[in-house]
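Protein chains: 2
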Amino acid sequence: MIDYDLVAQGNQLALSRLLTEVENGTQSGRKALDDFFIKSGRAHLVGITGAPGTGKSSLVSCLTRVFRQQYSMSVAIVAIDPSSPFTGGAILGDRVRMRDLAGDPGIFIRSMASRGALGGLANATAGVVQILDAAGFDVIMIETVGAGQNEVDIARLAHTTIVVDSPGMGDDIQAIKAGILEIADILVINKADRPGVENTERALRANLDLGHTVMMNHNAGHATVISEIESQRKDWIPPVLRTIATQNSGITEVVSSILDHRRFLEESGLWAVRDQERLRTEVEHQLREELVERWRKTVPAEKYEEVLKKVYARKLSPGTAILTLMGDYSL
Amino acid sequence: MIDYDLVAQGNQLALSRLLTEVENGTQSGRKALDDFFIKSGRAHLVGITGAPGTGKSSLVSCLTRVFRQQYSMSVAIVAIDPSSPFTGGAILGDRVRMRDLAGDPGIFIRSMASRGALGGLANATAGVVQILDAAGFDVIMIETVGAGQNEVDIARLAHTTIVVDSPGMGDDIQAIKAGILEIADILVINKADRPGVENTERALRANLDLGHTVMMNHNAGHATVISEIESQRKDWIPPVLRTIATQNSGITEVVSSILDHRRFLEESGLWAVRDQERLRTEVEHQLREELVERWRKTVPAEKYEEVLKKVYARKLSPGTAILTLMGDYSL
Numbered sequence: 022m023i024d025y026d027l028v029a030q031g032n033q034l035a036l037s038r039l040l041t042e043v044e045n046g047t048q049s050g051r052k053a054l055d056d057f058f059i060k061s062g063r064a065h066l067v068g069i070t071g072a073p074g075t076g077k078s079s080l081v082s083c084l085t086r087v088f089r090q091q092y093s094m095s096v097a098i099v100a101i102d103p104s105s106p107f108t109g110g111a112i113l114g115d116r117v118r119m120r121d122l123a124g125d126p127g128i129f130i131r132s133m134a135s136r137g138a139l140g141g142l143a144n145a146t147a148g149v150v151q152i153l154d155a156a157g158f159d160v161i162m163i164e165t166v167g168a169g170q171n172e173v174d175i176a177r178l179a180h181t182t183i184v185v186d187s188p189g190m191g192d193d194i195q196a197i198k199a200g201i202l203e204i205a206d207i208l209v210i211n212k213a214d215r216p217g218v219e220n221t222e223r224a225l226r227a228n229l230d231l232g233h234t235v236m237m238n239h240n241a242g243h244a245t246v247i248s249e250i251e252s253q254r255k256d257w258i259p260p261v262l263r264t265i266a267t268q269n270s271g272i273t274e275v276v277s278s279i280l281d282h283r284r285f286l287e288e289s290g291l292w293a294v295r296d297q298e299r300l301r302t303e304v305e306h307q308l309r310e311e312l313v314e315r316w317r318k319t320v321p322a323e324k325y326e327e328v329l330k331k332v333y334a335r336k337l338s339p340g341t342a343i344l345t346l347m348g349d350y351s352l
Numbered sequence: 022m023i024d025y026d027l028v029a030q031g032n033q034l035a036l037s038r039l040l041t042e043v044e045n046g047t048q049s050g051r052k053a054l055d056d057f058f059i060k061s062g063r064a065h066l067v068g069i070t071g072a073p074g075t076g077k078s079s080l081v082s083c084l085t086r087v088f089r090q091q092y093s094m095s096v097a098i099v100a101i102d103p104s105s106p107f108t109g110g111a112i113l114g115d116r117v118r119m120r121d122l123a124g125d126p127g128i129f130i131r132s133m134a135s136r137g138a139l140g141g142l143a144n145a146t147a148g149v150v151q152i153l154d155a156a157g158f159d160v161i162m163i164e165t166v167g168a169g170q171n172e173v174d175i176a177r178l179a180h181t182t183i184v185v186d187s188p189g190m191g192d193d194i195q196a197i198k199a200g201i202l203e204i205a206d207i208l209v210i211n212k213a214d215r216p217g218v219e220n221t222e223r224a225l226r227a228n229l230d231l232g233h234t235v236m237m238n239h240n241a242g243h244a245t246v247i248s249e250i251e252s253q254r255k256d257w258i259p260p261v262l263r264t265i266a267t268q269n270s271g272i273t274e275v276v277s278s279i280l281d282h283r284r285f286l287e288e289s290g291l292w293a294v295r296d297q298e299r300l301r302t303e304v305e306h307q308l309r310e311e312l313v314e315r316w317r318k319t320v321p322a323e324k325y326e327e328v329l330k331k332v333y334a335r336k337l338s339p340g341t342a343i344l345t346l347m348g349d350y351s352l
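Protein chains in written order, with our numbering: chain S, 22 to 352; chain U, 22 to 352.
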């Protein structure tokens, strides 16, 4: 049994346990998602993404400190990047830096297993973020490594997406980032004391301008909402900011920019649009799972395996197999 | 209309058009998947994954040349890595190298959009690979960037997974690879003329040994099949091979190893196990899509939007919303 009162009182152990249930998709995890849902919708979700080696995690630590000390805001960190020191796969120096954040009840750190999550990582993350939101955290920072569809899906959870770059990353890595730049609300060049910072900034600005002329080619179902977001987001010009996280330099400017972006979202109505898009996706995902679960209960396991065997033997295509099964069994 | 005869005759334009239909999930794309399915199951699917900058694409070019020239095998390349020169986001030098491969009818190159694919990239890739398989290619190389769940999912498509590393990549990148190493059948250290190659090899071997003691924590449905694969794969010790793709050095050894691995899979029965695992996943995915599509047709759009609005207003949780809708409407 999960003690909801303890979670509401900010008990970190109770919260951790609840998140594990949610991540594992257990009965009580699913119930908690239902029960906590009405309290969600307040937190500012900030995605932080970028290639490995750009110093995302150090930046997240610095931002957290400013949110706590200058704004008295509570912060939850959700680390998905498998190379993040928050997830434990750590370089010693980073671990030590993280330790500053421990012990403060207004800071909560959660690392996500990068696979094995039931129904996919993006969905497990959505559940964890929803609980943290309902638990009352003001800011939830979601750290991902910036490569691939998964990261884009997760970034789409966020109200504000920060893409972190640093000078001297290879050309290959630059190319990877091109995809993720389109979803950036704020660009941060970390390690800005390194040589080549001007080149990095020039490249980012060039890509940004390019990104603004590219229409994203999303899947059909969400096209309307997304293009609405895309057209409205043009009123926000993503700032390019320089930081040196190890020297705590440029951090307050990034925090100000995050808060500016929140204000922009609220005033433009985009806050609600993004919230609704997220919820629609979640409803559709859960619908899928529930339908399959119910339907599977109507089909005898032997019958299902029998049809699968015909597929294995290439006598029946997967598509035909399904139509066969659905003809014989229905919800 | 897609001309199946032209595709069967190896007409690359007809094949390209067909793959676009499959990727977009159109009616004729889905029909083609059904029609071509019975001819599939022959090709050797080889996944090539690794961090950006390890020279995966050059390696793929070199391997392709050996398959063609020494073994007279036809090769299809499916590039998913957004930084791959095959996908067009190219560095000039690589582009030039790729050009060698063009013009040979026994080589086909397909790049996948890294997002927007209906039903997810892994599934779109599965469809594309199935058509290429049925079209008669002997080897299908699937190139992905090695970070994240998506890449692991795609690698799981393959019979043989090659993880590419190179000396002098940062610690961060090392950490990312830890996850993907567990699925490696062959390890290649490319750019082996660079300093630090001994360290890279030592680190890889250490990780490999570690990986063999770690039980993977997969989602429940497939646990049995996967653990069967995992226990059987222990009979294959992944070789660690050095290459310098730019000098064409070490390439024939990698090709031999790929062919050895195929023989191992066939003799151990793992070839069939992996094939069946892939087909089971595909059946389950299509089942999901079909059930949702059918159910959605029974629900009036206004009713669905009405319930969604209650979710947006935090009056109804997504879980409760679904149960409400499913109580009122059924298949």
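These aren't lab readings, by the way, just hints derived from the structure by calculation.
Treat the hints loosely; a few may be bogus.
Pairs involving identical chains hold if they fit within one copy or between any two copies, as the list cannot separate such chains.
Once the Cα atoms are required to be at most 25 Å apart in a straight line, the calculated DSS-like pairs of lysine-lysine come out as [said to hold, decoys possible]:
| hint | residue 1 | residue 2 |
| --- | --- | --- |
| 1 | K60 | K330 |
| 2 | K52 | K318 |
| 3 | K318 | K60 |
| 4 | K331 | K318 |
| 5 | K324 | K336 |
| 6 | K336 | K52 |
| 7 | K330 | K318 |
| 8 | K52 | K331 |
| 9 | K336 | K60 |
| 10 | K52 | K330 |
If any of the earlier hints don't hold here, list their numbers in rising order. 3
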